[in-house]
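Chemist: In order, the protein sequence lines correspond to chains A and B.
Under my numbering, the residue at position 178 of the first sequence is numbered 178, and the numbers go up by one with no gaps.
Under my numbering, the residue at position 140 of the second sequence is numbered 344, and the numbers go up by one with no gaps.
In short, the hints are calculated from the structure, not lab data.
Any given hint could be a false lead.
Computed Cβ-Cβ distance ranges for the label pairs, DEER-style [unchecked claim]: (1) ILE36(A) x ARG257(B): 53 to 63 Å; (2) ARG215(B) x HIS152(A): 10 to 20 Å; (3) HIS152(A) x PRO353(B): 29 to 39 Å; (4) GLU338(B) x HIS126(A): 47 to 57 Å; (5) GLU238(B) x GLU23(A): 16 to 26 Å; (6) ALA112(A) x THR320(B): 21 to 31 Å; (7) SER130(A) x ALA366(B): 16 to 26 Å; (8) ASP156(A) x LEU265(B): 29 to 39 Å.
Just so you know, even glycine gets a beta-carbon here, dropped at the ideal spot from N, CA and C.
For reference, the chains in residue letters:
Protein chains: 2
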Amino acid sequence: MLCTGTAADARRTAERVRRLGAEYLDAGVQASPEMIGTSAATLLYGGSAEAFRRHRPVLELLSTASFVGTAPEAAAVCDLALFGLWYDAQLGLLRALETVAGAGIDVSAFAATATTRLGHVVGSVHDTASEVLERSYPAGPASLAEHLPLLHQLIDLRAGSAIGDGGLASVLENVAALVADGRGGEGLTAAVGVAAGRPVTPPG
Amino acid sequence: MLCTGTAADARRTAERVRRLGAEYLDAGVQASPEMIGTSAATLLYGGSAEAFRRHRPVLELLSTASFVGTAPEAAAVCDLALFGLWYDAQLGLLRALETVAGAGIDVSAFAATATTRLGHVVGSVHDTASEVLERSYPAGPASLAEHLPLLHQLIDLRAGSAIGDGGLASVLENVAALVADGRGGEGLTAAVGVAAGRPVTPPG
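Bound conformation, chain A alone (with noise of 0.2 Å):
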């Protein structure tokens, strides 16, 4: 079955599948329409690695085909982790982009700084990612002592926005905690304090 749902569809419909004896594979759609059938098209794959492994020269034919963990709803779950991505960013830059042009700031000029902003965050991706999954947190472009009262002024800034501050206000909580505990030399990903993450069984 090839579509994008939620994770809860993914568990129910895997459950409803093995009780039928057969094995489950849930793909998450990164392409337009117009893509399938072509390279440029990535699906991504999770559930019955078995299943994956003896279909894929079928699914290469659909797209690039990227088998991301076992779990039935994995897919799921990485392409909505896609999407929420977009939106964080993409919001980011319209809540900056709203604060500008209220204050009289050249909206074009600030949209080649905020591009190069942004390029940092793209540069440093494998950066973070390795953080968290080594749960190690350098300071990077600030400590957590100095994040927090740029959270408090931007908080501050953000009040009255079309769109709402982006939710600092739990980040803010998050950080004052960890700085109070003797933390502020740490960077932003120990915020995050996640599990590490399980390995993925390799598809064959």
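Based on the hints, put chain B in the right spot on chain A.
Modeler: What follows is chain B alone, placed relative to chain A:
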């Protein structure tokens, strides 16, 4: 006076400077200390366009000098908006990494896909800025009617995240109101509903 402060600091200082009969030029620092004195550093200036024009040759010795607006707080707001953009994008990345790690998805492979997805936001910064300036809101990758169910799913997915849900509830509320208002075919930029930017006085 060259330092990064709040908008209120800038307005207060500008008023004091004005009463003393002088002109106020504020700066926002977009560089680390070791970059100052090189063209790799950028300082953002706001306030008196005349003072900027007059002292530009000296200011250019410190860094690339960019004039962002005539309001006393223009540089401070611009600087803080850029920090905010970094937070929203970086927190979005951390949320995504936290989510996929928790679902047993291969975090390193995800990082490659996340880099591509964030690259789309970077690549469309100028188009997004034009939409804000022109108050024109084409659907782009998805319409507001298509965003609505995704935002619901994401809020569910992010329940319990260590760094909150990115304030999506207020975005959802705004998007739902626009859809109810018959604007479901527009794009996400419509949710900002920003006042078009006032033009910046060119620095002479």
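Chemist: Against this structure, judge whether each hint is valid.
Modeler: Here is how each hint holds up against the structure:
Between ILE36(A) and ARG257(B) the CB atoms are about 56 Å apart, so this pair conforms to the stated range of 53 to 63 Å. Checked against the hint of 10 to 20 Å, the C-beta distance between ARG215(B) and HIS152(A) comes to roughly 18 Å, which is consistent with it. Range check, HIS152(A) to PRO353(B): about 35 Å between beta-carbon atoms, so the 29 to 39 Å window is met. Taking the beta carbon of each, GLU338(B) and HIS126(A) are about 36 Å apart, not inside 47 to 57 Å as hinted.
Checking the proposed 16 to 26 Å range against GLU238(B) and GLU23(A) shows it is violated: the Cβ atoms sit about 57 Å from each other. The hinted range of 21 to 31 Å is satisfied by ALA112(A) and THR320(B), whose Cβ atoms lie roughly 22 Å apart. Our hint of 16 to 26 Å for SER130(A) and ALA366(B) holds, since their Cβ atoms are close to 18 Å apart. Here the CB-CB span from ASP156(A) to LEU265(B) is close to 34 Å, well matched to the stated 29 to 39 Å.
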